[in-house]
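Undergrad: These are the residues of each chain, in order.
Number of protein chains: 4
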Amino acid sequence: MERKGEMSDEEVLSALMRGDLKMHEIERAVGGDVPRAVELRRAFVERKTGKHLRNIGNFSFDAEMAMRRNIENMIGAAQIPMGVAGPLLCKGDASGEFFIPLATTEGALVASVNRGCAAINRSGGAYAFVIADGMTRAPVFRANSVQDAINAVNFIRDNEDKMREIAESTSKHLKLKEIQPFFVGRNVFLRFVCETGDAMGMNMVTIATDEVSSFIEEHTSLRSIAISGNVCVDKKPSAVNLILGRGKTVIADVFLRDDVVEDVLKTTKDAMFEVVMRKCFVGSAFSSSLGFNAHFANIIAAIFIATGQDVAHTVEGSLGFTTAEVEEGGIHFAVTLPSLQVGTVGGGTSLGTQREALDIMGVSGSGSPEGSNARKFAAIVACAVLAGEISLIAAISARHLTQAHMRLNR
Amino acid sequence: MERKGEMSDEEVLSALMRGDLKMHEIERAVGGDVPRAVELRRAFVERKTGKHLRNIGNFSFDAEMAMRRNIENMIGAAQIPMGVAGPLLCKGDASGEFFIPLATTEGALVASVNRGCAAINRSGGAYAFVIADGMTRAPVFRANSVQDAINAVNFIRDNEDKMREIAESTSKHLKLKEIQPFFVGRNVFLRFVCETGDAMGMNMVTIATDEVSSFIEEHTSLRSIAISGNVCVDKKPSAVNLILGRGKTVIADVFLRDDVVEDVLKTTKDAMFEVVMRKCFVGSAFSSSLGFNAHFANIIAAIFIATGQDVAHTVEGSLGFTTAEVEEGGIHFAVTLPSLQVGTVGGGTSLGTQREALDIMGVSGSGSPEGSNARKFAAIVACAVLAGEISLIAAISARHLTQAHMRLNR
Amino acid sequence: MERKGEMSDEEVLSALMRGDLKMHEIERAVGGDVPRAVELRRAFVERKTGKHLRNIGNFSFDAEMAMRRNIENMIGAAQIPMGVAGPLLCKGDASGEFFIPLATTEGALVASVNRGCAAINRSGGAYAFVIADGMTRAPVFRANSVQDAINAVNFIRDNEDKMREIAESTSKHLKLKEIQPFFVGRNVFLRFVCETGDAMGMNMVTIATDEVSSFIEEHTSLRSIAISGNVCVDKKPSAVNLILGRGKTVIADVFLRDDVVEDVLKTTKDAMFEVVMRKCFVGSAFSSSLGFNAHFANIIAAIFIATGQDVAHTVEGSLGFTTAEVEEGGIHFAVTLPSLQVGTVGGGTSLGTQREALDIMGVSGSGSPEGSNARKFAAIVACAVLAGEISLIAAISARHLTQAHMRLNR
Amino acid sequence: MERKGEMSDEEVLSALMRGDLKMHEIERAVGGDVPRAVELRRAFVERKTGKHLRNIGNFSFDAEMAMRRNIENMIGAAQIPMGVAGPLLCKGDASGEFFIPLATTEGALVASVNRGCAAINRSGGAYAFVIADGMTRAPVFRANSVQDAINAVNFIRDNEDKMREIAESTSKHLKLKEIQPFFVGRNVFLRFVCETGDAMGMNMVTIATDEVSSFIEEHTSLRSIAISGNVCVDKKPSAVNLILGRGKTVIADVFLRDDVVEDVLKTTKDAMFEVVMRKCFVGSAFSSSLGFNAHFANIIAAIFIATGQDVAHTVEGSLGFTTAEVEEGGIHFAVTLPSLQVGTVGGGTSLGTQREALDIMGVSGSGSPEGSNARKFAAIVACAVLAGEISLIAAISARHLTQAHMRLNR
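Residue numbers (the working numbering), protein chains in the order written: chain A, 1 to 410; chain B, 1 to 410; chain C, 1 to 410; chain D, 1 to 410.
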């Protein structure tokens with residue numbers, strides 16, 4: 001089949017221009033020489049569009065590995081500026097001082113998180129706890145009638161041990177925690193909740209779910225319609241994830257003393273509270289938003305890009321709550337992230353820059369015990385989000401937002 | 001090149017380690033030599049963490065420009081693998097064949113979009129239309145009473161021309177389209193809706209809003225509490241953006257013929273329809289989701305990373321609807337994206353790889369007339385999202401999802 | 001009295017028992033003698049079920065009129081205990097002291113509203129304003145393609161005057177304020193917003209919408225699928241009504257002085273505020289609720305039953321916000337009801353007890369100018385809801401809730 | 001204190017007019033003669049408003065009992081026209097033919113449900129199943145920190161048996177099924193889920209929750225802020241009730257044969273399906289509604305008024321899904337009601353007309369075993385809702401809605 005080295009670069013390009021060769025066939029046409037294929041594909045796009053793609057060709061990760069795991073029709077890489085905020089003093093499920101790598105093109109973001117870190121550090125650090133941990137996948141099945149649906153779910157409840165056995169046979173990293181059944185008419189949604197070690201785990205859970213689904217189809221009248229029935233819910237904002245959680249559910253809090261609010265944040269606790277109340281609660285309530293916070297998504301997107309997470313999970317990362325409560329001597333701040341999907345193995349985590357970014361926080365690869373690295377990472381992310389919230393809310397409360405942006409020239 | 005700084009590299013690092021110098025002060029300490037500052041900061045992080053950050057140091061964009069506009073405390077860049085899907089035949093507000101640059105670490109995504117492009121092309125192309133265009137910012141004000149709030153809003157309504165004049169005086173690219181007033185008790189939210197040329201425009205609108213807010217505070221009893229009151233809504237999922245739109249509201253559709261469904265997508269239109277119905281509608285409805293689609297966010301995140309958009313806007317990009325309707329001879333597919341925030345100037349769009357990715361689609365920089373490039377880009381994005389939806393729904397309907405992921409090694 | 005019917009009572013009952021006569025045919029069988037038909041139908045149900053329905057037969061309204069307008073297959077009436085709260089001092093769009101008729105079976109409700117009235121009166125009265133007024137109906141249309149949909153909506157925008165003329169020709173009480181077009185793929189929803197005088201107006205708007213829809217179908221490629229496309233939205237909770245309003249949008253507020261909070265409400269303003277914050281905002285946010293309040297629905301259901309409103313509109317009545325803000329000298333309380341559907345003519349408003357209940361507030365029948373009665377009524381309802389919220393939140397804050405219920409024996 | 005019989009009617013009225021006697025003091029002033037007190041109070045309102053309240057005085061239930069359980073400041077009763085639909089053939093958790101009592105002032109409603117019953121009966125009856133049963137109450141507690149909150153919840157998990165014992169000691173009818181803990185920052189919501197026999201049970205659960213809360217406050221650092229923290233969620237629309245259920249979760253379905261659709265419903269299954277798709281799913285999705293149905297609330301409000309339920313629970317009754325699926329030979333219709341709160345004892349169920357209405361369905365009073373009557377009633381309600389949905393959707397699909405309303409004169 002392979003015709004190693006038989007085509008010259010120009011032959012490949014000509015064949016592509018003529019349409020005799022498809023973009024995804026280049027690797028084969030050049031005998032599996034991935035770097036060469038990447039260059040030829042980029043050259044082809046340059047020829048078709050008449051544009052030079054010099055920068056896209058500049059990258060340092062292993063193209064072959066990326067083509068196996070992360071990308072198809074590769075032409076190179078996007079470079080996203082990376083900065084660091086911190087150090088950030090964390091307690092609870094992550095303990096120590098951490099630098100936070102943030103890859104972003106939004107000016108002022110790193111500076112803002114950095115200021116939040118200073119406020120937290122001066123207050124003795126932030127506590128973060130992973131209060132729930134379970135990646136989900138929820139296939140949708142069709143029954144013949146509601147009665148059939150109920151019978152099938154009863155069968156599933158009666159055979160949970162068998163289901164667990166099947167699910168856990170698909171991966172030594174996976175533990176099936178629960179199957180949550182939901183009904184809409186004769187549609188049955190089974191929300192599989194699994195621990196997945198240090199991996200974000202969506203594919204792992206999908207494979208397990210698929211296997212269990214086959215068993216269910218064999219033993220009941222249910223017919224699987226879609227391996228994901230949007231009750232998981234993956235990459236769509238939803239109340240089900242807000243309420244029941246998905247991936248890691250993490251909460252972080254800190255008590256900011258009056259002097260920290262004044263000296264570091266240049267505002268008052270009453271002003272900060274008023275912003276949280278009117279913006280994060282009254283405003284979000286009116287908007288029928290699922291995000292009762294200031295800008296979770298900014299911090300999460302930046303960390304996710306830097307560390308090889310699935311960036312589309314920023315969607316779930318935007319869900320959640322920032323709460324503030326004025327007390328004698330200071331203000332209590334907390335962030336609640338119900339649905340944080342992170343991993344330290346798999347996905348994009350082993351690419352060059354991504355692994356280094358995880359290294360900066362000391363969380364790359366598998367933890368010991370398994371799962372501990374991902375949970376530690378989740379706790380750090382929550383503390384970074386807390387830093388970002390504190391800083392932005394302080395800035396808004398001092399009417400600094402626009403000015404800051406202007407000064408930083410955007 | 002520059003060497004104004006009096007401190008040697010080691011002196012800088014020592015000062016950093018001792019805490020006598022802060023990370024954001026390095027630029028100043030080395031006389032404004034940005035590349036050197038970036039290297040020193042990275043070296044500092046390496047020293048603190050004991051990790052090598054070789055790959056992060058590898059980038060080809062202009063560090064000085066990035067530090068002015070996009071990042072603080074820069075240590076380098078994240079590299080995200082970039083592939084291309086297409087060409088994709090577009091009609092309507094974007095016309096022609098386009099390659100779609102996608103930066104992602106999620107294997108199978110580019111291949112999936114690519115297959116959707118093939119299905120669309122074989123069906124004669126997809127139509128996309130930008131049906132609304134307006135970036136928003138909604139400050140929250142406090143009135144003394146409901147009556148005061150009403151009086152103030154009446155004043156604002158009576159002085160819309162003046163407000164427009166003030167708003168538009170802040171930028172020649174900005175047009176104030178509307179101020180939407182909303183009340184919650186004595187809280188007043190004013191949602192400013194503006195056209196912002198080819199820029200995504202959030203900062204532009206923020207500046208204009210801030211200026212108008214000052215005028216309002218001078219002439220009414222309203223007191224501005226937060227320049228963003230979460231009725232904008234930026235980077236949080238919300239019904240207000242789903243219903244009223246934010247940024248570009250775009251719809252794309254295509255009629256897939258029976259033979260295309262069979263030959264390219266290897267499934268049937270009835271099976272595809274059933275997945276859309278049970279997953280995208282029944283499932284999302286049960287989840288109280290604002291995303292009635294399969295995976296908008298995947299395609300949007302990948303294009304946004306590639307092209308220098310604000311990636312946290314993936315949150316709003318996940319909102320919207322995929323609809324499918326079986327007809328004689330084929331199936332009608334459409335995607336509705338109510339809240340797509342894109343720009344071809346500003347933000348991260350002028351960085352090296354990002355500009356090239358926009359170049360691939362012929363949409364980098366300002367359009368003529370102004371705004372036309374951003375709208376064309378939005379239309380292309382919608383067609384790419386359509387391609388992604390078609391392909392994934394087809395795959396699910398053929399129970400191919402897990403297998404595809406397994407074959408591609410995840 | 002009438003005896004036109006050729007069938008005796010026993011003949012009618014026997015025919016019913018045999019199934020030769022249907023329940024809705026009784027009126028005809030007894031020559032249109034409605035009271036007799038009602039009695040026979042009740043007798044039939046008694047015979048079928050073996051139960052005595054003595055109380056259901058006890059009513060004093062005009063059965064014939066009710067059968068024409070309000071009910072079919074009538075067997076009598078339900079009696080709901082009615083109490084009054086108040087007087088309640090109102091200002092703004094309703095001015096004066098009003099007794100509030102409440103028909104309910106939930107013990108403690110009237111007493112609770114009554115206490116809230118006392119607190120409001122002692123604070124100088126509550127202000128209420130109807131800030132928007134428009135009943136809606138939104139048919140859904142199907143277009144052939146997105147492009148067709150856009151063309152059709154452009155036609156509609158270009159012909160709004162004609163639409164208005166058609167709509168307003170269907171009733172002298174109706175004014176078409178706006179047609180709000182929304183797209184989902186090739187589905188077009190046209191949300192007609194109308195003023196409807198003193199009537200709640202849903203049927204009036206439906207008739208007007210139907211007429212305009214016919215015109216649209218004649219002149220565009222749109223095909224009407226459903227006269228209500230659930231974007232109206234009638235009797236389902238929805239963000240669109242929360243944000244854009246439906247029926248009357250009303251806000252009421254009051255400043256409760258410290259002494260009133262202490263003497264009348266037996267609590268503190270800080271305690272009340274804390275309940276509003278944690279229950280009405282944090283709790284409702286977590287629940288993904290559209291009701292950020294304590295118990296709007298209780299007061300609205302009770303007034304609606306008493307006054308002949310469409311009780312299913314309690315659903316929209318439950319939407320909205322209770323806000324509280326602690327100040328020097330007292331606490332500011334407000335309720336925001338975005339979607340209050342009320343009328344003083346039509347529906348059940350002319351039945352015996354219902355008209356009397358409206359009379360108690362001085363708002364039965366048409367106002368002068370038209371619409372003023374319904375708006376005044378809406379303002380009173382909002383003040384009553386405010387009273388109910390204040391009282392319940394005060395009770396909760398004093399941990400009185402359970403005890404109050406126990407003392408009142410439920 | 002009591003001055004039995006010492007005041008004449010005129011003395012009472014004069015004292016009321018002067019403000020020397022409050023409305024709620026009349027009972028005491030007339031020696032506890034409730035009927036006389038009711039008349040005097042009504043006379044007072046008549047004098048104050050100058051209106052005759054002849055009809056409101058006409059009622060046949062036991063005023064004394066009502067004043068003890070259901071109402072304060074009573075002046076009489078509202079009369080709501082009551083009709084019956086049916087008989088309706090039910091299977092599953094309610095078995096047999098049932099007449100459905102509907103108290104409403106919305107013309108066409110009874111007729112519409114009646115037609116739906118005919119369609120269901122001709123199809124062999126509808127199946128309904130109560131798939132979950134649990135009334136909820138969720139107090140909100142404040143902890144000192146997130147860590148404290150977690151510790152407290154761990155204590156609660158470890159002591160569930162003790163909690164159960166305390167909860168169940170408050171009523172022999174109550175069974176504590178589960179305590180669902182939720183966190184927002186340092187707020188803890190504990191959602192108590194209880195079976196409550198044949199009572200709707202809200203007060204029963206509140207009392208039990210209050211007792212357990214005291215225990216929790218004694219043994220942890222949690223401080224109860226509100227006995228209801230809006231995560232219950234009572235009488236506010238919410239995703240948490242849609243997803244997790246509250247009260248009864250009921251599903252009903254029926255397979256309508258082609259001939260029934262044609263003969264009884266005068267439409268086609270394809271037309272019905274299209275209405276369900278575009279209205280109940282696409283339309284409701286766009287509206288960000290929690291009600292994916294046509295008019296659940298209408299049927300529920302009418303049954304609730306007739307049978308003495310808490311009518312404000314119509315809010316939760318409006319949540320849920322109507323699904324329709326075209327098949328060979330007919331169309332499958334189902335309604336899913338996640339949150340139906342009903343009881344056959346307590347509340348307004350023992351009032352005269354209300355008990356009779358329950359009697360019509362054979363479900364008044366306690367069931368044997370306990371709870372069976374309430375569940376049977378819930379199943380009947382679901383079948384009636386199904387009938388209402390089928391009929392309205394059929395009518396819409398045949399463009400009959402407006403015409404039907406016009407013909408029936410509203």
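Hint data in this document are derived by calculation from the structure and do not stem from the laboratory.
Among the hints, a few may not be true.
Said to hold, decoys possible - Straight-line C-alpha distance at most 20 Å; calculated DMTMM-like pairs for lysine to aspartate or glutamate:
1) C/K22 <-> D/D263
2) B/K22 <-> A/E165
3) D/K162 <-> D/E195
To be verified - Far from chain B, by Cβ distances over 12 Å, these chain A residues were calculated:
4) M74
5) T104
6) Q147
7) D158
8) F182
Stated by the list, open to error - Some but not every residue of chain A turned toward chain C, in silico, with C-beta under 10 Å:
9) E168
10) I243
11) F292
Note that the coordinates shown come from a computational prediction; the quantities given were computed from them, not determined experimentally.
All C-beta atoms in this analysis are idealised placements derived from N, C-alpha and C, irrespective of residue type, glycine included.
Undergrad: All the hints need checking, so say for each whether the structure fits it.
TA: Comparing the hints with the structure gives:
1. C/K22 <-> D/D263: Distance ~17 Å between C/K22 and D/D263 Cα, so the pair holds.
2. B/K22 <-> A/E165: 54 Å, violated
3. D/K162 <-> D/E195: Cα-Cα ~17 Å, so holds.
4. M74: Not fine: 5 Å to the nearest Cβ puts A/M74 too close to chain B.
5. T104: Contrary to the label, A/T104 does not stay out of reach of chain B, its closest Cβ about 6 Å off (not over 12 Å).
6. Q147: Non-interface label on A/Q147 holds, nearest chain B Cβ at 19 Å vs cutoff 12 Å.
7. D158: It holds; A/D158 is separated from chain B by about 24 Å at its closest Cβ, greater than 12 Å.
8. F182: Not fine: 6 Å to the nearest Cβ puts A/F182 too close to chain B.
9. E168: 32 Å, violated
10. I243: 7 Å, holds
11. F292: Holds: closest Cβ of chain C sits about 5 Å from A/F292, inside 10 Å.
The structure fails to meet hints 2, 4, 5, 8, 9 from the earlier list, while all remaining hints are met.
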